[in-house]
Amino acid sequence: MIARLRIDQAPILVLLLICTLWLLIPFTMAVLWSLVDPSGTWTPDTLLPPVISLYRWEFMWNNSLLQPALLNSYTLAPTAAVVTLLLAMPTAYALGRYDFPGKETVKLIALLPLVVPTFVTAIFFSSILFQMGLAQYRFFAILLAHAVLFLPFAIRILTVSFEQVRQDHVDAARDLGASPLERFRVAYWPALKPGIMATLLIVFIQSIEEFAIAYIVGTPDFTTVPTLLYSQLGQDFNRSNAAVLALILAVPNVILMLILERFLKSANPALSSGKG
Amino acid sequence: MTLGRAAYILMLLSPGIGLIVVFIGAVVYIAVAQSFGYYNLIGESGFSWSFWIEGIDRKSYLRAVRYSLYVGLTSAFLSVALAYPLALWLRKPFPGSMTISAILKAPLLVHGIVAAFLFLNVISYHGILNQMMVWLGIFDEPRRLQNDEHAIGLIFLQVWKNMPFALLLLTGAVQAISDDVLNAAQDLGAGAWQRFLTVIAPLTVSAMQASLIIIFIGALADFTFQTTIGPTNERSLAQYMTFMKDRGRWNDAAVVGVTLMALSLAGSVLLAVVSRLAFRGRRK
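Line by line, the protein sequences are chains F and W.
Just so you know, UniProt numbering puts 146 at position 146 of the first sequence, and the rest follows in order with no gaps.
Just so you know, UniProt numbering puts 90 at position 90 of the second sequence, and the rest follows in order with no gaps.
Label-pair restraints from in silico Cβ distances:
1. G137/W x I18/F: 14 to 24 Å
2. Q136/F x R5/W: 35 to 45 Å
3. V51/F x L62/W: 45 to 55 Å
4. E58/F x L277/W: 52 to 62 Å
The list that follows gives simulated cross-link-like pairs (lysine-lysine, DSS-like), each with its CA atoms no further than 25 Å apart:
5. K92/W x K105/W
6. K105/W x K193/F
7. K245/W x K59/W
8. K193/F x K103/F
9. K193/F x K107/F
10. K193/F x K92/W
Far from chain W by the CB rule (all over 12 Å, computed), these chain F residues:
11. S64
12. R138
13. R174
By construction, these hints were calculated from the structure, which means they are not laboratory data.
Built from N, CA and C at the ideal position, the CB exists for glycine as well.
Just chain F, with the same shape it has in the complex:
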């Protein structure tokens, strides 16, 4: 039995090791590249950069569009996450809890924003904006497009959550005289919570990462972190500058996710005990 367990777990442990190394090594290299001082070239025969400084960081902070890009990205993403969640909830409730004719068709329609490539959506959406004379409202235009683009994720995930609400729990709560609010708390909320969390998490990440809409609709005066990084990876590719931007894009994302997850976890006991 012990031998079998070890054989079973060996590939998974190897996979974990690879995953850990693939996170640690590239990020360490990115950190080192971002610290290379222009006065000393880092060659492959040396393990560490010869001269280390924060020159690149200061340079990027002061001489690129980094500051407005950060503000834009981190205002847009949480707003998009909340808006998308609110828009998706009623639809997911209908799909998860009711049987009605055409339900499968509705599920397919919900996937439409994914079928349309984001570059097509971006270009033709901006064309519509120009024709309607709304092109200057870039933030709201991108927010609307992000909400629509990420609705399929939210609807699919929340539909699965609503499907997993057990009818016997709902019935039991009702038979015991629970009010609609209490029924939601005891029967719906435990099944929905992971789905809501997953939705917020995924829409936030997708919105931060989204490139096509932000680039096409946002140009020229609405820069987000991905459009800035992408422009740096293009013609004037500089490994050190790109490393700074890559870390600025990746690290706060990780920290924000951890805060969000913690916040949601700590919110849970208060909500489930009804004392929040």
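Start from chain F and add chain W according to the hints.
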């Protein structure tokens, strides 16, 4: 169904589905119309089949279709196939399972372009992978690993980025299977593989479909990974479409765009139907 109930369902569907229909409907309409010669930005507009006839006749078009399908399907199947055993392993909490889960889901937090940049650093000519291979004596000298022609690097990155997404969906679904069901199957003598086929897969088919479809469509329409780490001798459909648009050939770009939409839809329906049929018979 009563009229009141129908109205109630429609009201529930309108903020989500209603918005999607209006928004995407407008975008798709203009894309399709342009592929038939309407809404031209320059010159006269009018119905024409010529953009389609010339478009699908190009070798580069067929090649892009084949290549994008290969990337999309391979990425989706590999991601889901890897995510299942991990989701089952993490079904019950055990010491260290939270950390393991966090490490596995970490790629969700790493931006696609960042992941591409990190990957380029690792596999570059003087990168750590080449250095290690030379040091281990597997390579005599550093090799050019960037933009490999079989798109192995690209699919590796697609799976690395998408597997956690499948894991997220599948973990929720396998956790919802009650122990009684799995224990009953085990007591009846079902082995691990049989339990997967007869119990786990049919009960999680909804999450499986969602994972397969979402990953397939993302990888099929990929632009960022392809333009940074993909093979230089191939063009993905999204890249091909942008190539056309950048040259002002909007109608040709629209033909590629409509193709991409059609392939996404057809592929999704196929994946949904195949996974449903494969496990429906075993449900009872």
